[in-house]
Amino acid sequence: MTEGEIRSDYQPWLISRRYAWLLAAPALFLLVFFLWPLIRVVVRGFVDPSFGLTNYRQILASPVHLKVLWNTVTTAAIVTFLCLLIAYPVAFAMARAKGARLQIMAAFVIVPLWTSVVIRSYAWMVVFQRRGVLNDALSALGVVSEPVRFLPGAFALNVGMVHIMLPFMILPLLANMRAIDGSLLRVAEVMGANPLQSFLRVFLPLSLPGISAGGLLVFMMSLGFYITPALLGGPQHMMAAVLIEQQANGLLNWGLASALSTVLLAVTIAIYLVYVRVTGGSRAASDTLGGGERS
Amino acid sequence: MSRSSEISRSISRRKAIASLGATAALSLAAPYLARAQSKPAQLVVATGGGKLDDAYKASVFKVFTEKTGIPIVTTANPAAKLKAMVEQNAVEWDVMQGPAEDLIVHGRNGLFEPIDYGVVSKTGLVDGAAHEHFLLTDFAAYHIAWNTKNVKPEAAPKSWADVWAYPGRIGIWKRPFQTLEVALLADGVPIDKLYPLDIERGLKSLEKIKSKISWWERGAQGGQVFVDGEVDVGAIWNGRVQEPKANGAAVDFHFNQAILVSDAWGIPKGTKNKSAAMQLVALNMTAAVQAEYSKKIPYGPVNLDALKLLDAATLATLPSSEENFKKGRQLDLRFWADNGPATVDRFNKWLLS
Chain R
14 MTEGEIRSDY QPWLISRRYA WLLAAPALFL LVFFLWPLIR VVVRGFVDPS FGLTNYRQIL
74 ASPVHLKVLW NTVTTAAIVT FLCLLIAYPV AFAMARAKGA RLQIMAAFVI VPLWTSVVIR
134 SYAWMVVFQR RGVLNDALSA LGVVSEPVRF LPGAFALNVG MVHIMLPFMI LPLLANMRAI
194 DGSLLRVAEV MGANPLQSFL RVFLPLSLPG ISAGGLLVFM MSLGFYITPA LLGGPQHMMA
254 AVLIEQQANG LLNWGLASAL STVLLAVTIA IYLVYVRVTG GSRAASDTLG GGERS
Chain E
169 MSRSSEISRS ISRRKAIASL GATAALSLAA PYLARAQSKP AQLVVATGGG KLDDAYKASV
229 FKVFTEKTGI PIVTTANPAA KLKAMVEQNA VEWDVMQGPA EDLIVHGRNG LFEPIDYGVV
289 SKTGLVDGAA HEHFLLTDFA AYHIAWNTKN VKPEAAPKSW ADVWAYPGRI GIWKRPFQTL
349 EVALLADGVP IDKLYPLDIE RGLKSLEKIK SKISWWERGA QGGQVFVDGE VDVGAIWNGR
409 VQEPKANGAA VDFHFNQAIL VSDAWGIPKG TKNKSAAMQL VALNMTAAVQ AEYSKKIPYG
469 PVNLDALKLL DAATLATLPS SEENFKKGRQ LDLRFWADNG PATVDRFNKW LLS
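Just so you know, the sequences run in chain order R and E. So for the first sequence, the working numbering puts the first residue at 14; every next one is plus one. So for the second sequence, the working numbering puts the first residue at 169; every next one is plus one.
Since the hints were derived computationally from the structure, they do not count as laboratory data. Heads up, some of the hints might be wrong.
List of simulated lysine-lysine pairs, DSS-like, C-alpha gap at most 30 Å [said to hold, decoys possible]: (1) Lys290/E <-> Lys494/E; (2) Lys380/E <-> Lys80/R; (3) Lys361/E <-> Lys380/E; (4) Lys249/E <-> Lys80/R; (5) Lys378/E <-> Lys80/R; (6) Lys219/E <-> Lys80/R; (7) Lys372/E <-> Lys80/R; (8) Lys413/E <-> Lys317/E; (9) Lys230/E <-> Lys207/E; (10) Lys219/E <-> Lys361/E; (11) Lys80/R <-> Lys376/E; (12) Lys80/R <-> Lys517/E.
To give an idea of the interface, some chain R residues facing chain E are shown, with a C-beta separation under 10 Å as derived from the structure [unchecked claim]: (13) Ala38; (14) Lys80; (15) Asn84; (16) Met251; (17) Val255.
No residue lacks a Cβ here, since even glycine has one placed at the ideal position from N, Cα and C.
Using the sequences and the accompanying hints, generate a full structural model.
Structural data, given as structure tokens:
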């Protein structure tokens, strides 16, 4: 099927209205198994061990909790930025590829998703350790005389997290870029733009919805990372999920764990709201699904 | 696919689901049917899994099933699930295994049935093994270890002070439990005057080696960093390096100044199979079963009569053999139950500083 065929009969508003009832089952599922437990978590933060703001006062009073929340947000931001730098050219190349070449590129992006995050994090430990692949290569090349200490550290953590999050940046960008009308670039060329100008003033602005959709997805998922920072990051990289796990499963302090989770949820929602405000609400949702520009 | 075939398929699927439902209902009812005969269809034991699980299966579970005909299934043991099950009064576990320092807290929080010492015999048990709501079941050691490729034999650490002084990478568990104990020993606190722990002094001791520490987070990871030589010296549990050493890996260890830690068993409050669970717990404390367990995994018995049933080669690997027991000391459960949350917070604050 070509792009033209899709565009000619694609009327998303019509489809969504006629088949809205199809969403009843997933909506009910989410209500019972996601929204209701989530509400109970939020409520618990205010009532366990006693009614009121005890848990929130404890979070505000503890430098540990605030530092960890700050770490979580900055780590997620750095990972998002690095993912964008790497994913943009990849998606750009994929958007122009066809046939077998596209399929091979897509396989390289998607296949890593089949391996669990735990295994990929351990795999990076093997790469980064003292007698790991990277140190062996560096010393064989004579770049270093002593093995470099990558573990635990910010570099290893960022590489590990970026590797895991890359597909979630590439795929929204790809969906967006494939929908950009190539004739617009030819028009720019005819009007006298050089390739750099036509990229900066035509293609890049048109790809902004892809950048923001991918960025949002990666940033939000990065906020909840647990095992990768625990294995690859140093003690100063402790993230919110580790703290929540300590309270929830180690100390069984569910009130504080719930309050910490609620704060993380509130940060995520706040960022989403900013995103919706900046990009316009309806586009936000449809771009994440990859259909935005086609309608 | 045509519409009619889709419909017929959905009907047959519905039939299938209905019959599945009937099977599920039957299997759900099974424990109650069996209870009418006063014998549970099975017991569910929540364990840490892995080699520990294998050792339980080959020792206590095997004997229990032979004696009673009741099969035992195991499942993962997250403490959060225990709390949720007891709160919701929907307890699926009959026995829970976990670190003793956790189980003492669960007991205080009312998550366990009291142990019936009319059924469970204390004969032969080491002092401090029998508690109101749980029993210690074994001894592991958090001890000194080193990588033999990185560390010359003459430089091998004899004490925690040697570990601290080693000019290289030091591997330690990224938690306050046990780690603060060895930090204080390294700082010269006598082993019999360890408790109550001086937390600030322990952190100051850790501060001295902060730039040399390579923290490990999980036990499997901890064993690996010693075997691979990612670290030179440090602290690890004996169960993680015993087998690699025996198989020729470049790792060695000893029990001098070791902190002995224990697994413990408790019976979740509200289990439907309390009496059978109590019998299982009782069986697990007997000398014969404890000896069999220690042959499968290098964790020492808490029933000292079991030591008589083991040969010298096995005894040498066990933290609670007569000889090794004297070299270290037991973790103080009560200290950690009283001070756990505050110390975790203080430790995290130091980590982040």
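Hint check against the structure, violated hint numbers in rising order: Numbers 6, 10 and 13, in rising order.
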